[in-house]
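Visitor: Guided by the hints, dock chain B onto chain A, whose structure is given.
Each protein sequence line maps, in turn, to chains A and B.
Going by this note's numbering, the first residue of the first sequence is number 1, and it counts up by one from there.
Going by this note's numbering, the first residue of the second sequence is number 1001, and it counts up by one from there.
Since the hints were derived computationally from the structure, they do not count as laboratory data.
No experiment lies behind these values; they were computed from the predicted model shown.
Ideal Cβ positions, reconstructed from N, Cα and C, are used throughout, including at glycine.
Wrong hints could be hidden among the right ones.
[Claimed, not checked] Reference excerpt, derived from the structure (chain A facing chain B, CB under 7 Å, subset only): (1) I21; (2) I199; (3) T202; (4) R203; (5) L204; (6) G205; (7) P210; (8) D276; (9) F322; (10) F327; (11) L352.
[What the hints assert, rightly or not] Sample of chain B residues with no beta-carbon within 12 Å of chain A, all distances over it, derived: (12) T1068; (13) K1179; (14) D1205; (15) K1217; (16) M1219; (17) N1221; (18) D1241; (19) Q1255.
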Amino acid sequence: MNKSMLIKNGRILDPAQDLAITGDLLITDGKIKEIAPDVKNIPADCTTLDAKGMVVCPGFVDFHCHLRQPGFEEKETIATGSKAAAKGGFTTICCMPNTEPALDNKATIDFIKATSASEACIRVLPIGCITKGRKGLELADMGELAETGVVALSDDGSTIADSRIMKQALEYSLIFGLPISDHCEDAMLSNGGQINEGIIATRLGLRGIPNAAEENVIARDIALAKLTGARIHICHISTEGSVELIRNAKKDGVRITAEVTPHHLTMDEEMVLDYDTNAKVNPPLRTKKDIAALISGLKDGTIDIIATDHAPHTENDKLCEFAVAPFGISGFETALGSLMKLVHNGDIEIHLLLSKLTVVPSKIIGSKFGKLGTLNQGATADITIFDPDVEWTVDTKEFYSKGKNTPLNGHKLKGKVMATIFNGKIVYKDNSVKLGV
Amino acid sequence: MEAVEQINLIGLKDEKPQPAQKIWKHKHILDLDDFTSEEIDLVMQTTEAMHEILSRPIKKVPTLRGKTVVTLFYEASTRTRSSFELAAKNLSADISNLTVSSSSVTKGESLIDTLETMEALGADIVVMRHPYSGAPNLASKHVKASIINAGDGWHAHPTQALLDMYTMLKHKNSIKNLKVTIIGDIIHSRVAHSNIWSLTKMGADVTICGPSTLLPKGMDNPQPYFPKVNVTTDIDKAIKDADVVMGLRLQLERQQSGLLPSIREYSRLYQITEERLSKADKGVIVMHPGPVNEDVEIASTVAHGDKSVINEQVTNGVAVRMALFYLLAGGSRNE
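Just chain A, with the same shape it has in the complex:
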């Protein structure tokens, strides 16, 4: 690989600096050197990539994914997961600690860091546990986790049911300034539920998960964040009521951020009508009304970021009766194509979409891991190049992820990642992209 690369004739968009020009972007020594309508000083033996008709933007940052390693390597590994993420345009991904063993101490975080350094093609940043073993009983050694380099704390998949523990976790997190990221689910209320509560659940004979199972816990977390002054991050919100709660909390000055997934923004509960276990996800796919509220939440800033919650499972895991199938959708490789539907439909502007995938998640992560999510001169050259208009058909056989579990297999999407550059190097390239020297 050459030391320098010139991306030519692209539509360069960087929400971090409100940049939108058509032109060239020059990378040297892994850093962004220059952006101009027509870059003149081109180093010798510079690789060129013609990005005519394509968007050139900062590499996507995913604040919520599951890489399954250690413990569930049959579902995904850091190597396969990072490759899949790169194919989806991501250059930084934050992996959740619900592994086996859980990421609740220095040794496990060191394992993620070492494995990522040797096997991942992009940046992998671990999220540590809030409580030991994600059991919700005793706080994990947050200070040690923070020093070892976690970006946030979460017992993902398990809500801390005990509000006193949650309050103390928030209080204690103040020392380190790390956000506490919560999967909000009142398990007594969701009670083994499978899909959104409502008439479709009745028709299918499946136990429903009411909206209130999510909203109850968000309301509690807001109260506790307000009480403690700590940072709370709400994972994968799915309901209109959640948007409203967070909107009001923000008005109230609570230090709260929130994420939404591509699937909750683009698919509703009808996806499960044929007992498709690949559409079984937690929180469940909701209604069109919820989707409209989520989109409005994105637009007014109530929802800060889009995160995939990439949750790979094996085919056998999902090839079973609906009630015993695990929750989760493999999301890296369909994220952009799904989200561009919102842009093509006129629901949101492309700048807004990109900001939710780049600059805002980088702000939540902070500057500790470098200047991420921007094309600023001098920043690490993490760049995603995508064609917003190309139509393609999802074929899970082509996934890099071990998880083929998506209800989108066979669906047409419009918008495709053509190349992903991490640290100045091409880590993913579509077959149609030709490089020149």
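Guide: Showing chain B alone in chain A's frame:
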């Protein structure tokens, strides 16, 4: 099979009976949500012919000779299984019964593995009962055999609903505009769900009634997912002028899960009693899929009273299942 030719219980629009193959589209019987009124009508007529066979001294015809029927039950059920078994035997099918304890159901591969084994052994039709909703749908996607759903979780019990309809037709001229009231734990009842599909398809005026914790929400409004029915928590209102009153088996664990204060309170508020029934149509019939919790959902005097057709339901179950086997095996009324 001449008997079928003479029977026209509901009355097709087209006076001339059509060959069954043209009407019958199903490879599997998973639920009644995708049945046309013509198909339901055909099942009713075929059942009538089977009913005639059952009245003969020798109740056996060779229709399914050489076909293998397997019953695969992940839940205990004496009456449904025996009903299917008798039906298959009456049609001269080879039958094999497999019981799997529901505690062994943890992963779906085992279901698919089991079905593939059945198929390798030559099963043409698999009759399946399963505690998880949608298990027969899963099965139908992975095997070549025809799947008959004999009850799955809270989802569907299509053969029960068809035998219920046949029983109603034995007492009423037509399903159209018939006032049918279903009382009990509607939300968890596969029997109620399948009955709602078939009855509304044939034009019945359906009311569901029960405590609000056991009633589905949103069914009294038009929506694309489930037929619109009348919904009420008031049993007297529900029974008034009804032509058919159907009770449902109350699962006694509903009390533990907090859906009901007590079985006693349920009985006080929702039991089908002589007194409540007196407000129904004079010719009302009382139905129940069985087994009945006597004096819980139905007063024992009603269950054994002159309005009860509960035992007839059991008898008719065999004829309906014979008809379904026959139709699935590619039967034609013109044979």
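Visitor: Which of the numbered hints above does this structure break?
Guide: Of the numbered hints given earlier, those the structure breaks are 1, 7, 8, 10, 11, 15, 16, 17, listed in rising order.
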